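As you go down the protein sequences, you meet chains A and B in turn.
For the first sequence, the working numbering assigns the number 1 to the initial residue and increments by one for each residue that follows.
For the second sequence, the working numbering assigns the number 1 to the initial residue and increments by one for each residue that follows.
Hints in this document: simulated from the structure, not taken from any laboratory.
Model, not experiment: these values are computed from the prediction.
We put the CB at the ideal spot given by N, CA and C, even for glycine.
None of the hints are false.
To be clear about the criterion: a stretch of chain A counts as covered by chain B if any three or more of its residues have a C-beta under 8 Å from a C-beta of chain B, and this derived list gives those stretches:
| no. | segment |
| --- | --- |
| 1 | 9-18 |
| 2 | 65-72 |
| 3 | 77-84 |
| 4 | 136-149 |
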Amino acid sequence: MFKTFIIGLVLGVLAMAGALYALPLVDQQREHSLVSVATNGGNLESLYINVPADRILARQPGQSSLLPDMLDWPGAELLQPVGVELYRIRNERGVVIGVASQNWEVGATSTDWLLHFPARGSQLISVQAKATLNGARRGDLRAGSREFANRRGSVAVRWVPDDSADQGVASGRIEMLTNYVGQVNRQ
Amino acid sequence: MMKYIISLLLGLLCGVALFVVALLNNPFVADRTLSPLSDGDTAVISLSYTAVPAKSIAFTNSGDARLQPHPKGIRLLREGTVELTDVMVTEMRDARGQTAGIGVKFSSRSERTNLLRGEALVDSAWYVHLPGRGSLFVEQSENYWQFIRNVLVPAYRNSANSWKGTWFGDLSAGPGALGVARATGVGGSLLGQSMAAVESLSVQAYSTDKGPVSAEGRLLIELPSAEPPSDDVAAID
Numbered sequence: 001m002f003k004t005f006i007i008g009l010v011l012g013v014l015a016m017a018g019a020l021y022a023l024p025l026v027d028q029q030r031e032h033s034l035v036s037v038a039t040n041g042g043n044l045e046s047l048y049i050n051v052p053a054d055r056i057l058a059r060q061p062g063q064s065s066l067l068p069d070m071l072d073w074p075g076a077e078l079l080q081p082v083g084v085e086l087y088r089i090r091n092e093r094g095v096v097i098g099v100a101s102q103n104w105e106v107g108a109t110s111t112d113w114l115l116h117f118p119a120r121g122s123q124l125i126s127v128q129a130k131a132t133l134n135g136a137r138r139g140d141l142r143a144g145s146r147e148f149a150n151r152r153g154s155v156a157v158r159w160v161p162d163d164s165a166d167q168g169v170a171s172g173r174i175e176m177l178t179n180y181v182g183q184v185n186r187q
Numbered sequence: 001m002m003k004y005i006i007s008l009l010l011g012l013l014c015g016v017a018l019f020v021v022a023l024l025n026n027p028f029v030a031d032r033t034l035s036p037l038s039d040g041d042t043a044v045i046s047l048s049y050t051a052v053p054a055k056s057i058a059f060t061n062s063g064d065a066r067l068q069p070h071p072k073g074i075r076l077l078r079e080g081t082v083e084l085t086d087v088m089v090t091e092m093r094d095a096r097g098q099t100a101g102i103g104v105k106f107s108s109r110s111e112r113t114n115l116l117r118g119e120a121l122v123d124s125a126w127y128v129h130l131p132g133r134g135s136l137f138v139e140q141s142e143n144y145w146q147f148i149r150n151v152l153v154p155a156y157r158n159s160a161n162s163w164k165g166t167w168f169g170d171l172s173a174g175p176g177a178l179g180v181a182r183a184t185g186v187g188g189s190l191l192g193q194s195m196a197a198v199e200s201l202s203v204q205a206y207s208t209d210k211g212p213v214s215a216e217g218r219l220l221i222e223l224p225s226a227e228p229p230s231d232d233v234a235a236i237d
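Chain A extracted, bound-state conformation:
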């Protein structure tokens, strides 16, 4: 009987070690990447944010309305001109694939976007405040992690209003078209 106990003991240790070795403790859900190749090089990917459905948090300088209503913005004077918005971000099929934050300061010439895709990595994009002739604002990839660590490229950000929505409520979608190319020896 003692031998059986020892066999069980060894089996228990081996089973736990085997399970921890073989079974993934974290399994991020993935969506197929919808990436196409640009004519003159680079990988194109379209990303979307539906406003207001995908908005998680909104704090805009000079506006009293906050999302959520209970948001308590710090009273420090230094932070009064700072704006932050958080969103869920979708791929071309409309499936949520990550989260994003838009950050700016009153009077700045650019807005910073931090995009985070749990299964792929993060990217930091600086987008010019002034729109070009076609209505899009141009941005540049400033930094990235994991899949985006050795990339460089540009982003076109466009606001497409939804004219059928209720008046007085900003409604529409933010479209982002990224064009990135791999880069060797970025560091």
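For chain A, the structure is supplied; the task is to place chain B on it using the hints.
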């Protein structure tokens, strides 16, 4: 026959328990006691923030985790692709405790987690905006194994399901050399600068129901040597 089955099952249970004890006391997984940035006279930006979600400006996740979203009514991350992700917006304070800026942190549980090697990893990205100074992007993997071993497990073992004490540890575990995080200046006077950073956590009280009750995080960013120290820059002793 029955006594052999019971004996085998008891052995299995004891084997599992023995493995868990050995895993938590694995002598080959060393606690990093010295910050890789504390070796030198380089200037650093020291930023602290509350690590208690209820004291941050905003915190959200899937809603199923131990850490509860804040404030009330904030939208949850229910979709499968983001349900293992936490989002935090917090006030950043300088070394003197004054407001220095705003920080946005996205963190997702990492698929590279391997408890056999003492790695409970989280992939995270920070955007830190310091008005009047510039903006930073910090990318890193964080290892919560020492936190689990020294705070979380003792809290579960405590009959009151809580832990009180003092625990301090570095969370950063790459991708830079010596396990430092990689910081990039993306605006203002920091634009274009590549820097090393370390995030650490200091916990005084933890509850298994609510998560951290008293805890503070710190981001230490090593400035390039050409950057002159300013008022909110402190050299590490």
